[in-house]
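Residue numbers (the numbering used here): 1 to 267.
If you're looking for bench data, these hints aren't it; they were derived computationally from the structure.
All figures in this text were calculated on a predicted structure; none of them were measured in a lab.
Fair warning: there could be bad hints in the mix.
To be verified - Here are the simulated DSS-like cross-link-like pairs (lysine-lysine), alpha carbons at most 25 Å apart as the crow flies:
1) K193 x K156
2) K242 x K196
3) K242 x K258
4) K81 x K40
5) K231 x K242
6) K120 x K242
7) K256 x K242
8) K231 x K256
9) K242 x K109
10) K242 x K81
11) K120 x K27
12) K231 x K156
13) K109 x K193
Said to hold, decoys possible - Here are the in silico distance ranges between beta carbons for each label pair:
14) S206 x D87: 40 to 48 Å
15) S48 x N92: 22 to 30 Å
16) L112 x L47: 43 to 51 Å
17) Q51 x Q251: 41 to 49 Å
C-beta: ideal position from N, C-alpha, C; glycine also.
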Amino acid sequence: MGSGTNTGTVPKAAIPHEQPVLCSAWKDDGTTVFSGGCDKQVKMWPLSGSQPVTVGMHDAPVKELAWIPETNLLVTGSWDKTLRYWDLRQQNPVHSQQLPERCYALTVKHPLMVAGTADKNLIVFNLQNPQVGSIEGRVGVHHLNDSLEGKNFTFKCHREGNDIYSVNSLNFHPTHGTFATAGSDGAFNFWDKDSKQRLKAMSRCSQPIPCSAFNSDGSIYAYAVCYDWSKGAENHNPSTAKTSIYLHFPQESDVKGKPRIASSSRK
């Protein structure tokens with residue numbers, strides 16, 4: 001994959017963590033950034049000029065976090081096998097949820113929240129009444145409505161020959177309801193769950209893609225390219241490691257669902 005166009009972006013400000021940063025998120029009003037990482041701290045950075053403050057702590061690295069505007073709470077997921085909910089006015093978490101394994105992924109679409117953990121677990125929480133799938137180089141589509149249970153399915157992706165790569169990021173398109181996956185193989189793909197087909201496969205990058213996101217209208221797909229620690233610290237060379245953020249402008253045909261091809265009737 002080409003290196004893309006260098007837009008000459010310049011960092012405006014930065015805050016330090018004592019160890020690598022693993023996650024970050026915006027507050028819904030755009031005034032504040034939250035971050036977490038291997039120093040086990042959860043930091044809040046008001047962009048008005050105030051100094052960053054530590055608003056939470058875990059017993060192991062903080063891998064994921066998300067702001068929930070409907071409840072004015074920050075939720076954080078850690079390798080200490082917990083989810084913790086933080087009211088920014090209080091020092092201690094208002095609730096701690098035990099997970100079956102270390103948290104590796106977290107997404108919120110109120111009233112639902114989904115956490116992905118080690119040992120191939122997906123846990124769905126109803127945030128209005130706080131209650132699984134598996135991933136190993138594959139994606140599972142599970143309907144929460146029991147009447148649609150027969151439409152659940154799992155498909156393989158991010159594989160090459162006998163090599164199986166982790167799915168690091170999954171993002172739904174805000175307009176069309178299709179979704180993108182990105183993985184440790186350095187590739188991202190666009191999928192249509194309704195027709196059960198891949199819409200577009202992009203060329204692989206030279207390094208893994210650890211995270212990605214669509215913008216608010218789905219016209220831009222942003223993704224980071226860097227080492228994702230999937231092969232351990234012994235395979236990380238800081239002197240040669242490069243970290244890049246790319247913006248992809250998908251064509252509508254790449255992200256808009258296609259009509260399902262009717263199968264021929266059985267005789």
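Measure nothing beyond the straight line between the CA atoms of K120 and K242; if it is 25 Å or shorter, mark the hint as holding. Violated, at about 29 Å.
Just to be careful, I want the Cα atoms of K193 and K156 compared with a cutoff of 25 Å; is the pair within it? OK: K193 and K156 at ~13 Å, within 25 Å.
Holds or violated: K242 to K196, with C-alpha atoms at most 25 Å apart: violated, 35 Å
Mind checking the alpha carbons of K242 and K258 for me, to see if they're no more than 25 Å apart? The given pair, whose Cα atoms are some 37 Å apart, is violated under the 25 Å limit.
Within 22 to 30 Å: is that where the Cβ-Cβ distance between S48 and N92 falls? With Cβ atoms ~26 Å apart, the hint holds.
41 to 49 Å as the expected CB spacing between Q251 and Q51, which holds or is violated: At 44 Å between Cβs, range holds.
Next pair to validate is K231 with K156; report whether the Cα-Cα distance is within 25 Å. holds, 21 Å
Mind checking the alpha carbons of K231 and K242 for me, to see if they're no more than 25 Å apart? Distance ~16 Å between K231 and K242 Cα, so the pair holds.
Need the status of pair K120, K27: alpha-carbon distance at most 25 Å? Between K120 and K27 the Cα gap is close to 29 Å, so the pair fails against 25 Å, i.e. violated.
For a C-alpha distance cap of 25 Å, please report whether K242 and K109 respect it. violated, 32 Å
Check whether the Cα positions of K109 and K193 lie no farther apart than 25 Å. Status holds; Cα separation ~18 Å.
Is K81 within 25 Å of K40, Cα to Cα? holds, 13 Å
When held up to the earlier numbered hints, the structure conflicts with 2, 3, 6, 7, 8, 9, 10, 11, 16 and fits the remainder.
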